[in-house]
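All chains should be modelled from the sequences, with the hints used to inform the complete structure.
Protein chains in written order, with the working numbering: chain A, 1 to 178; chain B, 1 to 186.
Quick caveat, the hints were computed from the structure, so don't treat them as lab data.
Just to be clear, a hint being listed does not mean it is correct.
Straight-line C-alpha distance at most 25 Å; calculated DMTMM-like pairs for lysine to aspartate or glutamate [what the hints assert, rightly or not]: (1) K145(A) / E112(B); (2) K103(A) / D89(B); (3) K107(A) / E134(A); (4) K103(A) / D15(B).
Which residues of chain A face chain B? A partial, calculated answer using Cβ under 8 Å [as the list claims (entries may be wrong)]: (5) G46; (6) V83; (7) K120.
Listed next, with one range per pair, are the computed distances between beta-carbon atoms [unchecked claim]: (8) S3(B) / T47(A): 50 to 56 Å; (9) E150(A) / T164(B): 48 to 54 Å; (10) E153(A) / M138(B): 37 to 43 Å; (11) T24(B) / Y137(A): 45 to 51 Å.
Just so you know, even glycine gets a beta-carbon here, dropped at the ideal spot from N, CA and C.
Chain by chain, the residues:
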Amino acid sequence: MRFPRSLAALIVLAACQPAGDAEEQPVAEATPAAATQAFDVSSFTGTTYGEPLTLTELTPVSAILADPPAFIGKPVLVQGMVVAVCEEKGCWMDIASDKEFEKIQVKVDDGVIVFPLTAKGKQALVEGVVEQIELTYEQALAQAKARAEEHGEAFDSTTVTGPQTIFRIRGKGAVVAD
Amino acid sequence: MSSRWRRWNAAVHRDLGYLCAGLTVVYAVSGLAVNHRSDWNPSYALRETAVSLEGVDLSDPTAAGFAERILAELELEGHFRGTFRPDPDTYQIFLEGSTVTVDLPGGTASFEETRERPGLRQANFLHLNEAKKLWTWMADLYAVGLLVLAVTGLFVLRGRNGITGRGAWLTAVGVAVPVVFLLLYL
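Following this line, the structure appears as structure tokens:
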């Protein structure tokens with residue numbers, strides 16, 4: 001049986017694809033040293049999402065939430081349990097803090113990283129940059145409404161009382177334990 | 001010369017058609033599912049049930065065995081992952097594939113089950129390129145394959161049903177459909 005010549009032409013075409021250029025990594029500012037502790041990233045195994053983790057200093061979520069302005073624009077590596085995941089696109093997940101009643105959102109670009117809904121309750125190691133988001137009253141209202149709809153809950157507009165400031169992590173990469 | 005070119009065109013169209021058939025079915029099924037994302041979750045089946053916890057003492061969520069007592073009351077078994085308190089009135093228990101959210105003052109809970117939709121989850125995983133890595137190149141290759149299929153398909157037949165006859169009209173209709181929608185919506 002002869003190999004189809006049309007297939008051979010296709011394979012040659014595929015082999016001519018140019019190799020991707022390596023992206024330049026921006027030089028990141030240092031994270032406040034007092035808040036961090038050394039962490040062996042290789043000891044944390046699971047499924048990797050996005051870019052490989054590069055930081056080796058772990059920052060407690062509670063330290064970020066205690067003084068968010070000190071961390072804005074800084075790269076951080078955080079660890080915690082995944083307590084919520086975006087049901088529509090998997091474009092964010094909430095990581096529980098090491099302190100009660102606290103969590104921080106990890107937001108990723110839609111479609112670039114997709115967190116699975118089944119990650120809820122699993123431990124995750126996340127690397128990203130802390131960012132501050134200012135929402136007008138209308139934006140905060142729209143976001144709260146969208147989140148209520150996503151969870152199939154009744155929307156109570158009185159829960160939003162004015163403009164909001166949100167501190168979250170712009171995620172670059174994550175490892176979710178299997 | 002013309003006849004040889006036609007034979008090559010038909011051969012490429014035929015073999016590419018065979019090669020792309022499987023992935024086209026995967027992408028088409030996923031496309032249908034994802035198009036209606038606002039009405040349902042195309043990858044996961046979510047089921048939420050409200051339950052009462054009248055028989056459980058919910059006064060001290062920090063007490064030892066608190067989560068175990070709730071799970072026993074709800075007769076839930078499964079791989080226990082952890083607990084979380086988003087606020088003083090709420091207590092969450094995470095199991096593999098499900099979450100129990102307890103309203104402590106109200107004495108009620110919601111039980112949410114998350115299951116992958118078999119076949120669809122996998123199709124969406126490929127279609128939406130969640131895999132990344134080498135799959136990105138595979139998907140690019142498939143897209144190029146579809147492009148070649150479309151172009152070679154125009155020239156498979158000659159004569160009345162070819163691109164100079166009936167085919168021209170049908171091709172024009174096919175091109176007009178997205179143009180009309182763009183004019184309507186943009």
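*So which hints don't hold here, by number, going up?*
Violated: hints 4, 5.
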